[in-house]
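Start from chain D and add chains F and U according to the hints.
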Amino acid sequence: MAKGRVRLFPERCKACGLCIEFCPKDVLGFDEETINMLGYHPIKDLKPESCTGCAICAVVCPDLVIEVERV
Amino acid sequence: MDRVLMKGNEALAEGAILAGCRGFFGYPITPSSEIAEYMARKMPKIGGVFVQAESELAAINMVYGGAATGARVMTASSGPGLSLKQEGISFIAEAELPCLIVNISRGGPGLGGIQPAQSDYFQATRGGGHGDYHTIVLAPSGSQEMMDFAIEAFELADKYRIPVMIMAEGTLGNLMEPIVMREPVLNKVDKPWAISGCQGRKPNIINTLHLGSEELENRNLHLANKYKLIQAQEKRAESYLVEDAELVVVAFGIMARIVKKAVVEARKRGIKAGLVRPITLWPFPDEDLRQAAEHARLFLSVEISMGQMIQDIQLALAGRVPVEFYGRIGFTPNPEEILQEIIRLAAREGL
Amino acid sequence: MKKVFQRPESLTEARNHYCPGCSHGIIHRLLAECMDEMNIREKTIGICPVGCSVLAYDYFNCDMLEAAHGRAPAIATAIKRLLPDRYLFTYQGDGDLASIGMAEIVHASARGEKITVIFVNNTLYGMTGGQMAPTTLLGQVTTTSPYGRKVENEGYPMKMAELLSSNEGSAYICRTAVNNPANINRTKRAIKKALQVQEKGLGFSMVEILSACPTNWGLSPVEALKWMENNMIPYYPLGEFKVKED
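Protein chains in written order, with numbering that gives the first Met the number 0: chain D, 0 to 70; chain F, 0 to 350; chain U, 0 to 245.
Next up, chain D with everything else stripped away, as it sits in the complex (with noise of 0.2 Å):
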């Protein structure tokens, strides 16, 4: 059971991949099959049940990507 969830807003999303690379868990990847209106393939929670809802992911992120929730 997951302790975390991360509300995604990928329209923001320019694939920076802070998050991805910050994330104790490996919770975030991109979204291969998605392109946003920016042009860049987004962020996705590839495994949700691993996140723990720390918000590293939203606290290196610079575009307001990422909201959390924790249990």
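To be clear, the hints were calculated from the coordinates, so they are not data collected in a lab. It is possible that some hints are incorrect.
Unchecked claim - List of simulated lysine-lysine pairs, BS3-like, C-alpha gap at most 25 Å: (1) F:K187 with F:K44; (2) U:K225 with U:K149; (3) U:K42 with U:K191; (4) F:K187 with F:K158; (5) F:K201 with F:K190; (6) F:K260 with F:K271; (7) D:K24 with D:K2; (8) U:K199 with U:K42; (9) F:K201 with U:K42; (10) D:K43 with U:K2; (11) D:K2 with D:K43; (12) D:K24 with U:K2; (13) F:K6 with F:K41; (14) D:K24 with U:K1; (15) U:K158 with U:K192; (16) U:K2 with D:K46; (17) F:K158 with F:K227; (18) F:K41 with F:K187; (19) D:K43 with U:K1; (20) U:K225 with D:K24; (21) F:K259 with F:K271; (22) U:K1 with D:K2; (23) U:K243 with U:K199; (24) U:K2 with U:K191; (25) U:K2 with D:K2; (26) D:K46 with D:K24; (27) F:K190 with U:K42; (28) F:K187 with U:K42; (29) D:K46 with U:K1.
Leaving out everything else, chains F and U in the frame of chain D:
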């Protein structure tokens, strides 16, 4: 009415205070420094702000910030300082912030000298900095007007949301004359655009960046329309003995007072001379000149420069009457030499 | 579930125009979070510079003024003097602050103006296309130092935090970086401390923030953070340089 003896620079500073000016930001330069010195003494006593800035650039940007809060604020400088201030004046004009900028003018170019001059006329009347803009420019001719115009300048600045400049020769700054003190201005102008913290309203933004083509053009059209309105409503001049004048002398500021004496002397010698004194250098009072041109055979522009206002006179008259020029710099032409020039021209033209 | 992270109220909903991986977005957010936590949004006036953050007035949800290049501290000075109970911040890049605006920043600090300066140091002029700045590192290639910055030609990179900390008027001077989550959190604490120093009227406060410019450095966003750690932090040491106690 009681009169007090005041130096022009101090009369101007006191006028600004009477107008409600509560922020002065300046940098010392002769012959304007007495305005800063007066403000340094007065502002702390009336709850105002005086800051001696690190440069003219900083001073004018302090005016930019101060005016943005909606307060009545000003700066004063002289030629070389005004050159440095042009960056900020362009921003202030674009952001449509009311303020007073004073040029107690001296001769250039470069460091030039500290003798009174009118050679910043182009800089003052053509905007001065980058982009399409104007400031209203008032040219007083005595201590009383130094005070009166300071008050008037703040009123005009608020009325049109525009920086207003007072340009006065160093002579006027230092001239001591008896003047009638004016009453303080008490009415407060509502400034909903001011930045003061967005409590209870949406945030205000003061900005001069317009990246889109349409936005940039619209901004410039808006300013151009405002300038047209000012041209329609605010041109001011004083005409003296022009009704039948065959030779019309045009001069502003301290020069106009000197010319007046020469005109009186010329009349005594049977020469029908008259004087038009532009009070607003921008907007230029071209209609007063055209009116004075009714009977005129010749115009003469007398300036403490190598000839700048003459271009505006020529534009106003559009070739109807020829315009001669007499000017010096380093020296202020005296009544006698102007009279001699009037006599010479009258003889040449058979007036 | 409870929300542990969301957009601060002191930022607008506007999507910023910054390049992928640019640190401006993070720094904007940290400042906005501090404004939220101190509940000062409605009493804050921000001055944005010329440079990449020229459009910051669209992002901060408070009264904003756009300055001429380098002049923000002079503008902030006048506003703060006229409205002493408001919170003033300037947001300036290294070209703006350390080059064209050197006189304004040094004198605002010397006068002890009660303003907070957010100084974003990414070692070059970003908006104009990656030209050399006073903060460009020795050997660093930029479009106007194409053979690398050399001491003989361009002199040494300027250390603004150290320089300004020598002014008596400076009450709080700190240098941080946003290269990892821990340093991002430290940066936020520094910004808050700077605003609190302003609140207490202790004097001038500045947080110099080492920031990434992946686009003009020619690196990926992740590589850019590593470059910052390996090259910038050794020359620009992190920490508090001046802390005036009340």
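Okay, the hints, checked on the actual structure:
Our distance criterion of 25 Å between C-alpha atoms is met by K187 of chain F and K44 of chain F, whose separation comes to about 21 Å. Annotation: proposed proximity of K225 of chain U to K149 of chain U holds, straight-line Cα distance about 23 Å (limit 25 Å). Pair hint K42 of chain U plus K191 of chain U holds up; C-alpha atoms about 15 Å apart against a cutoff of 25 Å. In summary, the hint linking K187 of chain F to K158 of chain F is supported, as the alpha carbons are separated by about 12 Å, within the 25 Å threshold.
A threshold of 25 Å between alpha carbons decides the hint, and for K201 of chain F with K190 of chain F the separation of about 14 Å falls inside it, so the pair holds. Taking the CA atoms of K260 of chain F and K271 of chain F, the gap is about 14 Å. The hint holds against a cut of 25 Å. At most 25 Å may separate the alpha-carbon atoms for a hinted pair to count; K24 of chain D and K2 of chain D meet this at roughly 12 Å. Taken as a hint, the K199 of chain U and K42 of chain U pair is honoured in the structure, with Cα atoms around 15 Å apart against an allowance of 25 Å.
Between K201 of chain F and K42 of chain U, the direct Cα distance comes to roughly 12 Å. Compliance with the 25 Å bound is thereby established for this hinted pair. In summary, the hint linking K43 of chain D to K2 of chain U is supported, as the alpha carbons are separated by about 19 Å, within the 25 Å threshold. Proposed proximity of K2 of chain D and K43 of chain D is supported: the alpha carbons are some 18 Å apart, at most 25 Å. With a CA separation close to 19 Å, the supplied pair K24 of chain D and K2 of chain U stays within the 25 Å bound.
Pair hint K6 of chain F plus K41 of chain F holds up; C-alpha atoms about 16 Å apart against a cutoff of 25 Å. Proposed proximity of K24 of chain D and K1 of chain U is supported: the alpha carbons are some 20 Å apart, at most 25 Å. Annotation: proposed proximity of K158 of chain U to K192 of chain U holds, straight-line Cα distance about 21 Å (limit 25 Å). Of the pairs offered as hints, the one joining K2 of chain U and K46 of chain D holds, with about 19 Å between alpha carbons and a cut-off of 25 Å not exceeded.
For the suggested pair K158 of chain F and K227 of chain F, the alpha carbons sit about 14 Å apart, so the restraint of at most 25 Å is met. For the hint linking K41 of chain F to K187 of chain F, the alpha-carbon distance of about 21 Å falls within 25 Å, and the restraint holds. A hinted pair counts as satisfied when its Cα atoms are at most 25 Å apart, and K43 of chain D with K1 of chain U qualifies at roughly 21 Å. Simply put, K225 of chain U and K24 of chain D have alpha-carbon atoms about 21 Å apart, close enough for the 25 Å limit, and the pair holds.
In summary, the hint linking K259 of chain F to K271 of chain F is supported, as the alpha carbons are separated by about 13 Å, within the 25 Å threshold. Our distance criterion of 25 Å between C-alpha atoms is met by K1 of chain U and K2 of chain D, whose separation comes to about 11 Å. Simply put, K243 of chain U and K199 of chain U have alpha-carbon atoms about 11 Å apart, close enough for the 25 Å limit, and the pair holds. Proximity of K2 of chain U to K191 of chain U is assessed by CA-CA distance (about 22 Å); at most 25 Å being required, the pair is judged to hold.
Distance check on the hinted pair: K2 of chain U and K2 of chain D sit about 12 Å apart at the alpha-carbon level, within 25 Å; holds. Taking the CA atoms of K46 of chain D and K24 of chain D, the gap is about 8 Å. The hint holds against a cut of 25 Å. Between the alpha carbons of K190 of chain F and K42 of chain U the distance comes to roughly 17 Å, so the proposed pair stays at or under 25 Å and holds. For a cut-off of 25 Å, the pair hint linking K187 of chain F to K42 of chain U stands: about 22 Å separates their Cα positions.
For the proposed pair K46 of chain D and K1 of chain U, the alpha carbon gap of about 20 Å is at most 25 Å, so the pair holds.
This entry satisfies every hint, going by the numbered hints stated previously.
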